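Enquirer: These are the residues of each chain, in order.
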Amino acid sequence: MEAFELLRINLFSPMVLAFALGVVATGVRSDLRFPDALYAALSIYLLLAIGLKGGTALAATPPSQLWLPALVTMGVGSIMPVWCFALLRRLGRLTVPDAAAMAAHYGSVSVVTFIACQAFLDRAGVPYEGFMVTLVALLEVPAILVALLIARAGPGAWGSSAREVLAGRSILLLVGGLVIGAAAGPAGMARVEPFFVTPFEGVLTLFLLEMGLVTARRFGELRRIGPFLLGFGVVMPFLHGTLGILLGPVIGLSVGGSVVLAVLFASASYIAATAAVRLALPEANPSIYLTSSLAITFPFNLVVGIPLYARIAQAVWGPT
Amino acid sequence: MSIPAGFAERRLVTVIAEGVLEERLLEDLRRWGVGGLTASRVEGDPLGSRVADVAGAFVKFECVVTDAVADRVLLGLAEAYFKRFKVVAYDHPVRVVRPEKYP
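Protein chains in written order, with this note's numbering: chain A, 3 to 322; chain B, 53 to 155.
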């Protein structure tokens, strides 16, 4: 599929347009606000829904197809924060806490970007492995722990952060959904399909409207974080995404699966990593890591990155 | 001025902190002697840092305690939290009935 067509499919989707509406709403100082409870409810729905869908696919996946992608994902997830930290210290001249906080975010994963990627591939008619959500759950945690280790946040901080992330909403709902989906199987899933499958893209659209509001609130900070971090927020995701594309078929994934892997590596957390870092590295400046992951990397991946990685994957590995 | 019979003086301690601190603060408040308390979610943005974007706005705890417990809470917060997190804490005197409920 041509690059322009991929970009058009993405840009003119209700999800990306809703995100843009949220950005515009903040820009014109609209009084549009999402109640906290609604945001929480939407994120619970999305996390559980993709967990359930992934669990059903996981149950039908032989372990021989899964073990290598899982191992490689965890390995890359553990190494990414190390080279991010080194780059941020050497070239970016960030302090240790700030570099470690950034490394935690860019080594971890954005579940929302993953969901948006799946929705894009569905619209573009590109098949991908159903078990990819398992890799999301595996990628969420290692980078955060490695980054805290690098920052020498202290054994107490490490332990409480591990508990915080593992018991946090994202992991609990993803892993729980996987288990429920796998145990219930296709017959069980068919019973909840009218709630968890049919309205899914509508809920995602609403959620991305809120994400647009939140993201745009941080645009004012872009002036303060400097050109290096501005560039880092785009270049690192692109490089990580390219790594995912190159690795995908090598570890047994389809071209569509390699696009998803690219998006997982390219995305930056702004929920799980942020909460863990705030507790364990309070000296790190939230303006730096939140602005980078939320105001630069998230919109880049959502609007440009996803179709870009898809085009590159097709150019490298051929059409799906 | 003397206190009417059945009333007693206590202190209402209010703590407003980043949402991520909720569990940790709750443990510390209990350790410092706070019994009953109320917790609510509040919005705000101290010093323009936008830390509220981090997982869950701010949490506000309010508790009615004795002078001794109020002192422990404020001093404990100053030592453990003020330097590293966005936390605001203050107290003021209140009158209560059933003082045995606020040891």
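Worth flagging that the hints you see were computed from the coordinates, not collected in a lab. Because the structure is a prediction, the values reported are computed rather than measured. There's no promise every hint is true.
[What the hints assert, rightly or not] The calculated SDA-like cross-link candidates involving lysine to any residue, where the alpha carbons are at most 25 Å apart (straight line), are: (1) B:Lys135 - B:Ala57; (2) B:Lys112 - B:Tyr154; (3) B:Lys112 - B:Leu64; (4) B:Lys112 - A:Leu40; (5) B:Lys135 - A:Arg154; (6) B:Lys112 - A:Pro37; (7) B:Lys112 - A:Arg154; (8) B:Lys153 - B:Ala57; (9) B:Lys135 - A:Leu40.
Enquirer: Next step is simple, just say for each hint if it's right about the structure.
Expert: The hints, checked one at a time:
no.: 1; hint: B:Lys135 - B:Ala57; result: violated, 42 Å
no.: 2; hint: B:Lys112 - B:Tyr154; result: holds, 19 Å
no.: 3; hint: B:Lys112 - B:Leu64; result: holds, 13 Å
no.: 4; hint: B:Lys112 - A:Leu40; result: holds, 20 Å
no.: 5; hint: B:Lys135 - A:Arg154; result: holds, 19 Å
no.: 6; hint: B:Lys112 - A:Pro37; result: holds, 17 Å
no.: 7; hint: B:Lys112 - A:Arg154; result: violated, 31 Å
no.: 8; hint: B:Lys153 - B:Ala57; result: holds, 16 Å
no.: 9; hint: B:Lys135 - A:Leu40; result: violated, 33 Å
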